[in-house]
Amino acid sequence: MLPLWTLLVPVATGAICYAAKGTRLIERVHLLGSTVTSALALGLVWRVSGEGTLTALGQFFLVDALGAVVLAIIALVGWTASLFSVGYIRHELQEGTLDDRQVKQYYFWYHLFLATMLAVCMVNNMGLLWVAIEATTIVSAFLVALYRKGEALEAAWKYLILCGTGIAIALLGVILLYASAVRTLGDAHDVHGLLNWSFLNNPDIRLQPGVVGLAFVFLLVGLGTKVGFAPMHFWLPDAHSQAPTPVSALLSGVLLNCAMLVLIRFAVVAGHTIGLDEIRPLFIGAGLLSILFAFPFILVQQDLKRMLAFSTVEHMGIIAVAVGIGGAAGYAAALLQMFNHAMAKSLLFMAAGNLTQKYGTKQMARVTGALRVLPFTGPVTLIGVLAISGLPPFSLFTSEFSVAAAGFAGGRPWAVAVMLAGIALIFGAMLFHASRMMFGAPREKPAAGELGRWSTWPLLLPLAFVVVFGLYVPPAVSGLIRQAAAIMTGGWAS
Amino acid sequence: MRDILFELLQLVVIVLVAPLVTGFIKKTKALLQGRRGPRVLQPYYDLYKYMRKDAVVSKASSWIFTATPYVVFGATLAAAALVPVFMRDSLFSFTGDLVLLVYLFALARFFIAMAGVDTGSSFGAQGASREMFVSSLAEPALFVTLLAAALPAGTTHLSSIVAHAAERGWPTSPAFYMMVVAFAILVIAETGRIPVDNPDTHLELTMIHEGPILEYSGKSLALLQWSASIKQVLLFALLADLCFPWGLAASADGPAVLAGLAVFAVKMAAIGVIVSCVEMSTAKMRLFKVPRLLGAALVLSLFALTAEYLM
Amino acid sequence: MMLTATSVILVISALLLVWVKSIMSSIKILALQSLFLGIACLALGAQTGSAEVYVMAVLTILVKAILIPYILAATMRKINIRREAEKYIGRGVSLLLASGLVVFNYVVTERLDFMLLGSEIQTLPHAVSMLLIGLFVMITHKKAIMQGIGLIVIENGLFLLALSTALGMPFIVEIGIFLDVLVSVILISILSYRMDQTFRSISTDWLRKLKG
Amino acid sequence: MDESWRIWEHLRLWLPGGALALLALGACAAFLFSGHSAVGRRLAHGCSALAGAALAASGIGGLSGGTLTVAHIRGALPFTDILLRVTEFSAFFLLVIGIVGLAATIYAAGYVKEYEGRKSVPLLQAGMLLFIAAMAGVVMAGNVFTFLLAWEVMSVVSYFLVMYEHERPGTKRAGFVYAVMTHIGTVFLTIAFFILRHYSGSFEFARMEQASLPASAQSLVFVLALIGFGTKAGLVPLHIWLPRAHPAAPSHISALMSGVMLKTAVYGFLLFTLHLLQPGPVWWGVAVLALGANTALFGVLHALGEVDKKRMLAYSSIENMGILFMGIGAALIFLAAGQKAAAFALAAVLVHAANHALFKSLLFMGAGAVLKAAHTANMNRLGGLIRRMPWTALFMLAGALAMAAMPPLNGFVGEWLLFQSLFALGFDGPATLLRLAGALAVAALALVGALAAFLSVRLFAMTFLALPRSEEAREAREASLSMRIAMGLLAASCVAAGVLPLVFAGAVQNTLERIAGFSGASSMLEVSPLAIAGADSEIAPAAAGLLLLCGLAAAWALARAIGGKTRTVRGETWNCGEPLEPRMTYTASGFSKPIRVAFQRLLLPSRVLYVDRDPRTPYFARGFTYTGQLPALVENLLYKPAMNLLVAGARLFRGIRNGVVQSYLLYLLATLVLILVWRIWR
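In order, the protein sequence lines correspond to chains V, H, U and A.
Note that this note's numbering has the first sequence beginning at 1, numbered continuously upward.
Note that this note's numbering has the second sequence beginning at 1, numbered continuously upward.
Note that this note's numbering has the third sequence beginning at 1, numbered continuously upward.
Note that this note's numbering has the fourth sequence beginning at 1, numbered continuously upward.
Derived by calculation from the structure, the hints in this document are not laboratory data.
Fair warning: this is a prediction, and the values are worked out from it, not measured in the lab.
It is possible that part of the hints are untrue.
Derived pair list, reagent style DSBU-like, types lysine-lysine, alpha-carbon separation capped at 30 Å [said to hold, decoys possible]:
1. H/Lys284 - H/Lys27
2. U/Lys211 - V/Lys445
3. A/Lys119 - V/Lys445
4. U/Lys78 - U/Lys21
Same shape as in the complex, but just chain V (with noise of 0.2 Å):
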């Protein structure tokens, strides 16, 4: 019952805080139904990887350690997000950016889509699958478009637009799957258990592979929009740099990896038709080139959060190459990629909020010796960036160095190496940027000093994850991975 209450929670709590009277009230509301939405999702993944996969309400929901491993994501960046969100909403009122109408919207959008991202993760059936990936988009356009300006209309409309025709495409591919599905066992099996992950997740099921390829391709753009490969990427800068910075945080901590999680899926059972020599280039060429096509943004990017955003795009081609390079040690490479981006680029969503909100602006040529305006985001703002572009003692260096070797292992020196490039790149791109606003000498305005306790304390841990694991990675976890590799590798018979 534990997926029920996991979706529940953060729904019920969504509502409350609709009506309720009262910021303070609000608060408190939030912030226990974020904590407890946490802890039941951080139980769950304990479970599975204690007892591996589980199912709930008959076949419904099923958690397995694919799913689990997002869902910690969600866990533990949902719940440092909800945590920012108090000091930066309170802000944000203090500013008279937003009025209390606004902030409740805020709230009562900020948990339904939790709760829809929850779904993603633990939903059986791959059309619903498809169902509450629709419904991250329309759930977060809500919270895109909160801010009364033309550019959150703007973006959010983009966002929906591009989105709901990505999406619409991948439609037809999960048609098209479940129609050769049907064509081929529906005597044989209940149609309405067709479609669901525990079903197709087996090797010894062959469908009609040409029908199999067509819906792939369907599904690797539709989704490949919402998860931003270049070039389908264009709606993710505009809502990212748009968004309320958690929600930020959220959309390209999270929800881009939930996306992601379904797009690895549909492969997988794709991958028992068809092989996986006619996926694995698909995942390389697109990774490859969100990589490439992140870097000239990055380079003469000027707004703040919009770079963050590109290196999102960025570290997603990374992860898709992951995939595409594939065995064991590729798809574990991929698990841990996602969950330390996960952490550092949420740690630097919410330290580039309190950059925008100290300074008034995103232009980073606006923002100068920030080491010493904020003596604790500044340096951990610094710290983020060395991380994301997979420095050491940092995790996803690690992560990146597995996806390097597992890439040469895996017979694909060159796409590693053009992603080597790439990202180191990046890396000269966003350090360079990076320390213009860092270093120097402040001007007068704005005076030294953080905001709040409840716009730095969250960033610690996030902070902590993304070093503790850059040294050491507890065996809990990288049993999980082990397990998530291995359902994936399970699936893909080669």
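Place chains H, U and A on chain V using the hints.
Quick look at chains H, U and A alone, frame taken from chain V:
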């Protein structure tokens, strides 16, 4: 025991003979120019005079200035202990080879240059700068020439080179002669003689070696000039050793040594005459013409090497 | 057979959508299209006699043929739009291009052997071409609301495909899809309303601030 | 006896790890007590002093008796184990790191007072400790992951240390260029390692050594390694970061960077060429030799053109790295030909590496002392400091003499060994052309050596001699005790290493004995406590030093004997009758002018003469301002254009994101269609 004594004698001879050679060159130059010129022994009188004079030391200078003459003399003396003059072996041949020799000279130059700056006089600094400049251009040519000279023996160990060359007999290869010419040019440059430098002038525009020691007087000056002439003899001797090393005493017995001494005297005289001829027949070069001369030496020695390799 | 006929009609209506000028009339066309779909669904229900298909037919007619057009129209009235639908390219050209897309897609789908999927699957090319036309409409029109309409056209095509291949997706999935479509249409109308409030227009020309 | 031996055995095992632990501990202490920094500072310095000693000791310990495995920690993924070990080869570098680290620590105790109140001192100390630890980690790394981890940590930490005084103009850029260059270099290394992994099937160096690669792959790895480590070593044209970064850091950090960090690049390159790769074709050696010679010449010429003391030292580091790579090149040529002389060349490399570590860090510390005292590193504004800071001057003199490779200091031993190995190449190189190459290398080395002497004279004389050319220089005060102790330590070790070659050359021999393919090293190179003997020649530095002393004594005695006792009176320097003023004395830029003129074809110096004319009459001028400097050619001709091209391209490409949602949809459609086409017509 005996040969150690003789080798010591060798050292003493160099130190004592050095001013004589200087005087001899001055004299021959004067005669060639149709003057009577100073007496051959004049340098000795000069040195004695300087030694007894009180010294005037610049207020601006530091202990570097005071120490330099001793360091220079010491380094030159150490060098003298390495070079065989009339015997095949030298006193301290085990301490080092050609490279050490060159670097001992460099050490002396190093201190002279610093002393030149130390007084704060711009002549001194200028001279120091030029000194280092010329030497740094001379060094590559010098080393390649040494390589060419050491090539037949296959070692940079001076005594062995001498021994090997003495056995070899009169060389016929063109390489040998190119090497000799190159080395001669370098010796002139290192000894600070026309056309590279003019030891007899104190015009700030022309002087190189005289610049740094301009401020010196008394004992210090004496030591510096003495070591300059010792260095000159050493370089001449080196030229003789590497180019025509015949007549050096192979063993440490009286007659051989006497013969060696005689040959040595002849060699010095010959070189001295040649040098003075060159000095009176050429004019001093502009400073920035010097690199070409040294470059020529380098090219020559490289040709010499190539020829040596191809034979 | 009947489904194929329907699908042809749908494609034609979609092409018509490319042709018409006024937004209101395109909404009407959309409603009609959805109605056709509902009817076809009913017929299929009659053929197979499965309750789920009936329910879906009713839902289609209620949601897609009545509710959604109503919402859109209401929004239009609130916005009381002044000018007609503006496009990047003229009607003739766009019609030409759209038909070109359709042809391309027929060529493509020709090359895949769908005999495995059985005869009804002939609707696949039509579905795909509706998808392409929908995209085309979204691309060529400047009015924000038209992009919403394009989205629904795509949805209709897909629904048709689902119907023809496997009597629709599993029931619960279908319900979910309906819900998503409905909510997204509501969102679209809200956003276009706010657009009108902010820019005094719903032309996407105003949505060009976020570049680079 | 036996008991003590067992204790020593235990120590050998525990020292290296212990040193790393101490460093980490110290760093933490510095952080924890950052509030009241006095406590933190003492703790941190205590730890790192101990650690430095421990590293040096473990270096000595590691020089004999096989490989020690220090630590092996399992990682989350199969290839992310952390493996630390000490081989004879890495022990040598540990020794160097230990000594310099120790000196730097002692020096820092006094030097950091400079920053008290202005900046966070604990951060600086923590950085220094981590830096030392990372460098030790690089040479102790036993597998690829550990190596790259330590390597990158080293880069990151040093980046932060360079940025320590980020308010100063130019520092930002310096740090940025440094970080980017070194990171790109690391990418090359990573790929090289992975290629090796591909053929050896293991990430452990010990296993990689047995792998045999096809010739093409070997050469590829070699080139990648050359680029990767060449970037760290500052080989021209990959050097641009070095003259910016090294001077920007606090002086003891500059000392560590120039003295030790560059040596890790040498270590890495030797690790590849001697251990991981089989002996390769001759052209490897020739390429490295040429590159090295080129770098050395470039470095020394630019150093002579520089008036900022620390920048000048940085360029001279480039020069010395060039010299080291010349040696490596010679060694590679001999290896390719299977000649024993390789051992000799390698001995030259190792000895010179150690020597350079000693005297360059000494010089940087001296420069730091002067900087702290006179608040300027511009030599045109210094001068006459020998009276104000006699001790610093003395130690700097030792350093300068060492840098000029003057006997009997350590610089000479390395220079001599290198000359010998190049002579050996000239004597009996594998082929005629190679012998000629040897001759040319000899010429290049001689030129560089002589110019280095010029440089040292300039460095010392223009800082400490003549008259102070600025108010600050007149006000300068002697460095604090700890700084003097540190410099004295290094100066003493310079002399020691010069007079008793055993100190390093002996260690080198132990090392060479065990490097693959040098079992016969001893036959080539004999090191007795007092003398080094090669096949071709021998020197006894101790005897040479003794000889020099005797010479000095003789000089004094002679002067006394002949001249008797004379007086010395103080007088004005003769200045054409004018009183001598500081501004009349020669400046650093004037001192090296002849070089700029002679090499102007190569260096294209810029010279600007600004004449402040008297408005009333055209014939007189109030003043002249002359500036002559060397342009950074490589940057202007190579890097800047490339960078501009990149940025312009990016701006152009950014245009596709034009903000029009329809066009985004078009991209989507196009992608879909393209993939479909690819899928179907494949």
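Evaluated hints:
no.	hint	verdict
1	H/Lys284 - H/Lys27	holds (20 Å)
2	U/Lys211 - V/Lys445	holds (29 Å)
3	A/Lys119 - V/Lys445	holds (21 Å)
4	U/Lys78 - U/Lys21	holds (20 Å)
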